[in-house]
Every structure is written in C-alpha cells, then in structure tokens.
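Protein chains: 2
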Amino acid sequence: MLTPEATLARFREYMVGPTRFMNLLSCFELGIIDELREHPGATAAKLGEAVGAKPDAVEQLLQLLVKEEFLAYDPASGGYSLDALAAVAQADLKRATTYMKLIKFVALRQVFYLTESVRTGSLVGLKELYGFDGTLYEAVAEHQDLYDAFATLMDNVTARVDPWFFENVDIPAGSRVLDLAGNTGLGAIHACRLKPSEGLQVTTFDLPHKEEECLRNFREHGVAEQCSFIGGDVFDKVPEGFDVVLIKHFLDMFDRDDVFRILGGVHKSLEAGGQVAVMVPVYPEDIRDRGNYCVDFFPAFFLGGTMGQGGPQKVSTYRRWLEECGFRVTRTVTKDPAEMPPDVIPVQAILCAVKTA
Amino acid sequence: MLTPEATLARFREYMVGPTRFMNLLSCFELGIIDELREHPGATAAKLGEAVGAKPDAVEQLLQLLVKEEFLAYDPASGGYSLDALAAVAQADLKRATTYMKLIKFVALRQVFYLTESVRTGSLVGLKELYGFDGTLYEAVAEHQDLYDAFATLMDNVTARVDPWFFENVDIPAGSRVLDLAGNTGLGAIHACRLKPSEGLQVTTFDLPHKEEECLRNFREHGVAEQCSFIGGDVFDKVPEGFDVVLIKHFLDMFDRDDVFRILGGVHKSLEAGGQVAVMVPVYPEDIRDRGNYCVDFFPAFFLGGTMGQGGPQKVSTYRRWLEECGFRVTRTVTKDPAEMPPDVIPVQAILCAVKTA
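As given, the protein sequences belong to chains X and V, one line each in that order. Going by our numbering, 276 is the number at position 276 of the first sequence; the sequence numbering is gapless. Going by our numbering, 355 is the number at position 355 of the second sequence; the sequence numbering is gapless.
No wet-lab data here; the hints were simulated from the structure. A portion of the hints provided could be inaccurate.
Copies of one chain are not kept apart here, so a pair can be met inside one copy or by any two copies together.
Quick list of in silico lysine to aspartate or glutamate cross-link-like pairs, EDC-like style, CA-CA up to 20 Å [what the hints assert, rightly or not]:
| hint | residue 1 | residue 2 |
| --- | --- | --- |
| 1 | 355 | 323 |
| 2 | 314 | 74 |
| 3 | 268 | 13 |
| 4 | 94 | 29 |
| 5 | 210 | 286 |
| 6 | 101 | 116 |
| 7 | 46 | 83 |
| 8 | 46 | 116 |
| 9 | 94 | 83 |
| 10 | 210 | 220 |
| 11 | 195 | 170 |
Just need the whole structure built from these sequences, with the hints factored in.
Below, the structure written as structure tokens:
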C-alpha cells in the first residue's frame, strides 16, 4: 500500500505535468533543439540570438532538459549540446513532437474545463476557447489550428496501424465490405491494397458531406472501381447488403448506450454469419499496469478534448458488449506494447465477431 | 547515458502530464473523493448521481486513480473506495489541492502560449485569456479567479515559510528594518512577532496603492506603533536610513539585469555594514537532482504564467550576484527537502549579506 508520503509525492509529480510538458515542447517550437544540433556548444546568449528570445529565458527553459539529460551543459564554457537527444532518430522525434502538438492544441487548455465538461457531457473547453458547440470532429472543419494538429496525426496513426489491422482480420475473397464511419476513404483504400481479392467491394459509410473528398481520394488512389461511398448517420440506419463491417477508431468515442446503439444497428444490417471487425484503443485488463499510459491520457482527452463522452474500455468489456449485442467473438488481438515506439500512448486491439442469429 | 528508448519513454511521461493533472484535480472538484470518504463502496452509478455526472464519465475518470492506487475498485460489487487517499491527512490534501488550483488557474492554459511568451518577454497567455497586459501580480487585482487561486496560496506560503526565515536571520535589537516589496505588511507583522526587540521599527516598502490596506493590517495586528509604510518603486529609489533590508520572494521574479538594478538600489540606500536578508526559491546546485522539482515547474510558471521573465537561480548564482553588487555573503541556508511535505515544489533558501564599502 502506498504511504501518505508516497501519495503526496505522486501529487507533486502530477502538479508539474503541465509546465513540464510545455517547457519541453517550447524548446522544440523555439527551434533550440535544431539550433543545438547544428551548433553544439552554443551558449544561452548565442541560442537566444538565434531563436529570438532573451538568454535568461533560454537558460530557464534549458534547466529541465539538462535535468533530464536530454541536453548537456558545460559550466566552463556555458555551452549546451545535445546529450540523449543526439541519439534519438529524427523520425522518432518528429512522431513524438507531432503527438505533443496534438495534445497542446486539443487538450492542454481544454482540460481546464474538464470538471464542467463532465458535468454537462459537452466540450466546455471548445465552447469557451473557440466559441464552438459540438465535438472536436466537427470543430476541425472550422478551425485550422485544430485541423492541423489533429488531422495530420490521425492520418499518421491510420497509416501506421491499418497494416497491422488488416494483417489480423480475415476478409473472405470477393466480400462486400462496409467501412463504418470511414471518413474520407483512407480505410477503404487500405482494404483494397492490403486485402486484395477478386470481386472485393469496399464502401465507405460516413456523413454525406464527406462524399466528394472521399470519391476524389478513391480516384486518386486508383480504386474508384472497387470503392463507393454511402452518406448517412450510423445512429439512424446502417446500410444493408454487406458481408463484413469494419468499425475502426469509433466505438471508443461513445458511452455504453451509444456503443450499444451502434452495434445494434450493425447487427440489424447483417445477415446471420455476417462479420464485424472492431479496432479500438483499449485499457489494460490490469488497470494498475504501470507501463501502460492509456489511463493517464484518454479519459481527460475524450471527456475534455474531443467528445465530452466516451473513452476506451478493456478488451474484456468490448467482448462482453459485442456478445450482449448478438455477436460471437471469434478472435481478439491486442497490440504488444513492446512492438510500439516507447513514446506512443494508445494501445490498440482488434475484436473479430460474427452475427450469431 | 539515457538510451533513445528511455528518452522517448520520458517524452510519453511528459505527454500525459496535462491530462493526468486535470483528471486528478477534477475528481476532487467534482466532489468524488469526499463522496467516497462518506460512502465507501459507492458504484459509478451512485457517484454519478451524487456529483451530477454521467456514470460512464465517472468510471473513466476513476481509472487513473485506481491505477495509482489512490482508490480501490472491487469488480464484484462495482464499488470504489479510498485506498492510499484514506491515509492522507485532510490538511495535507487541502494544501496539495490548493496548489493544484493555483497551477490550474495561473499556468495550465497560460503555458499554451509559452513559446510566444518567451519570444516577446510578456505574458501572452494573460493577454489572450484575460485581455490583460501586464504581470500576474497586477492581474490579480482585476480578476477574481486569479486572485482566489493566487493570493490564498501566497498567504499560506508566507505563513509557513516566514517562521523559518526569521529563525535564520539575525536582526539586531532596535534595528530599523525595511521589508522591500513587502506587499500589504504581512512580512513586517511577522518581523515584529518573531523578532521582537526594544525599539524595533519595520517599514513596508511597496507600490503606493498598497498603503491603505497595509496600514489597516498594522492596526488590526496591533503593530501600528512599530510599523510604517513607504510608497514607491524599487526600480526608482530604495528609501534610506535602514539597518536591515529584507528581500523576500522578489529577486526570483526578475532576469539578471533587473536583479542587479534591485541589488544596486539597495546597496546605494545602505550605509557600510548595513545588512540584507534575501529569501528566494532556488534550483539545486546539481540540476540533475531528481528529487527536486523546482526545475520542472518554475521556468514555465514564471515565463508563461506570472512574469514573462525571471525564475529561480542556484544559491551559488545568487551569492555571486550579491558579491558582484558590493555585498559580502555571511550566511546561506537552504531548506532541507526532507523537512518539507512531499507535495511541495519550491525549495527556499536564505542568503544574508553585508554591504562591504
């Protein structure tokens, strides 16, 4: 059992969370890290001149990076140089800072309003900061800064995770596949690429206003003959006539009652024997797993930053929900965290299921 | 040397900082912790009803507290109860949550603008969020939420730290003492109480608009005969005719050039042999000291939240600056972190010095 002293020490760890986060990101935003890569040994005075900041402020911000051994400081010369950061691949730094930008724009200020968001079930932060009533997914259409932070990351994630998804999902040759909430078609394009078969037909189902961009994407990727778009709302009616329904990165956006409405609609749309393949970020079965950071991130991110509701569940919970909605789960796979870059927070899982009756 | 993997894992630790912070604080703000103290074993449904939130959202927020073992969850009953939090004294929780409130109001949203604040040397966050041009110390006069978060904490800190300060500072009997930037007189009152002597006279020096409240405080605390107020600006001229000048919680608010202007003004105001006693939060001499959290907090807090400049220095730096300004340092004491509650971030130091010529 955690002692009171250890508990209070954990509180302190939490208290420095926001300042520590922006201190690090700000060093990248100011260009200090790039500057040090090109000019190792630069002093605070030189760095300040290069990035347009007062040397005193540069010195303050770099203390934390020296503490972390990300940078080294030489008291004799007053010069800084990359320490641990020198050995991190640029692609890794880019992925991590892209995610940090997402957190900055989508969550940092918004979670100030978390308590009110939870009380109202709405994104009070989006309302206060952007005057926007709705979810982040609607707000990105109107606010460029949110779009830049969010869409870029989502596309990167989809590109990284889809190959793993299609590796683990069985799509019989010649299937008619529905990509539920398939946005502007990237998932459908991946399905054609990664699960090619004679006669395969993939349909993206999403809100009607996505049709034009989706069809353009199909043409640009040369899959217009195999792919189509249906406009509609998953909460009204799921289109019928499909063998396999893909539900990627979607169920986690909703509370239990809405997840049941979605799965109920999919169940109704399928013939007996029809399949669903779900991909979602999940919490670990043992919530106390200290190596897993989903629980540290997603509740506040979903409730305060993106939806005002929702959040991941455990695989065992999604399995139970699928079964309560009339499916038999045939396969579950959880991404092995050891195969993920150590800065990546979401741990994805796949659940395949079949309609029993 | 930190491996690239360990470096990226540290980045992940930083990424969850903002969400983790507000997730924890929100559980207190919603009243969930109090509710569980009174009703151990309450389910998410019961808690949701009690605090006015959807059970799904309560369940999401409590995952983190279960992960941390702050709370326990019983899967059989679906009930939550205090785990480690049950053993933490209420006074300790109150101190920690007061500090968290301060961070929420003064820094959480403001540090979004840290990069711009550093580039401009001004508080872009205060400007964007409150339409306020200036420092936090000016803004608290106009914005109740900032005042509530900040002034309460500052008074608590002064009440806790002043006894330690006066224990370690020599004030000869019958001295004429100047409390530089003494705000509304609390430090002067403490000086009379904690260093009483025949003929002791203490003067609070601060901006003229503080005079009325300061004099009222002197009367209410029965020290009006020993205490007086001088209105003025430390950057213009420091009043003369004093034996001891106290500079508490002030030098850390400024960059080096302004610290030199302040110390230069004090030097000019004193006779040879006159004393100064400085109290400031300090960075550890070994910046890589992992048990010290000043570096994780203060740079972004000062640059982005309170001043747009400043921040603590090491004791050795303040000693050198005092000596460069014509003082001989006679004594330095740094607060032993082992004597501080484990959630407290600032580590204070005292430097006593005498004007050499």
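Q. Using 20 Å as the alpha-carbon threshold, which applies to residue 314 and residue 74: within, between, both, or neither?
A. So residue 314 and residue 74 pass the 20 Å test across copies only (16 Å; inside, 48 Å).
When no copy is specified for residue 46 and residue 116, does a C-alpha distance of 20 Å or less occur within a copy, between copies, both, or neither?
between (45 Å within a copy, 19 Å between copies)
For the identical chains here, do residue 94 and residue 83 meet the 20 Å Cα criterion within one copy, between copies, both, or neither? Answer is within: at 17 Å inside a copy they meet the 20 Å cutoff, but 40 Å across does not.
Residue 195 and residue 170: within-copy, between-copy, both or neither at 20 Å Cα:
Only inside one copy: residue 195 and residue 170 sit 9 Å apart there, 81 Å across copies, limit 20 Å.
Reference check for the pair residue 46 and residue 83, CA-CA at most 20 Å: within, between, both, or neither? Within one copy only: 18 Å inside a chain, 51 Å across chains, cut-off 20 Å.
Q.
For residue 101 and residue 116, with the copy left unspecified, which applies at a CA distance of at most 20 Å: within, between, both, or neither?
A. Between copies only: 15 Å across, 24 Å inside.
Intra- versus inter-copy proximity for residue 286 and residue 210 (alpha-carbon distance at most 20 Å) = For residue 210 and residue 286, the Cα distance exceeds 20 Å both inside one copy (39 Å) and across copies (56 Å).
One pair to classify: residue 94 and residue 29, alpha carbons no more than 20 Å apart. Within, between, both, or neither? Intra 12 Å, inter 36 Å, cutoff 20 Å: intra-copy only.
- prompt: When no copy is named, should residue 210 and residue 220 be tagged within, between, both, or neither for a Cα gap of at most 20 Å?
  reply: within (16 Å within a copy, 69 Å between copies)
- Classify it for me, residue 355 with residue 323: is the Cα-Cα distance of at most 20 Å met within a copy, between copies, both or neither? Classified as within: same-chain Cα gap 9 Å, cross-chain 81 Å, threshold 20 Å.
Which holds for residue 268 with residue 13 at a C-alpha limit of 20 Å: within a copy, between copies, both or neither?
-> neither (48 Å within a copy, 43 Å between copies)
When the structure is compared with the earlier hints, violations turn up for hints 3 and 5 and for no others.
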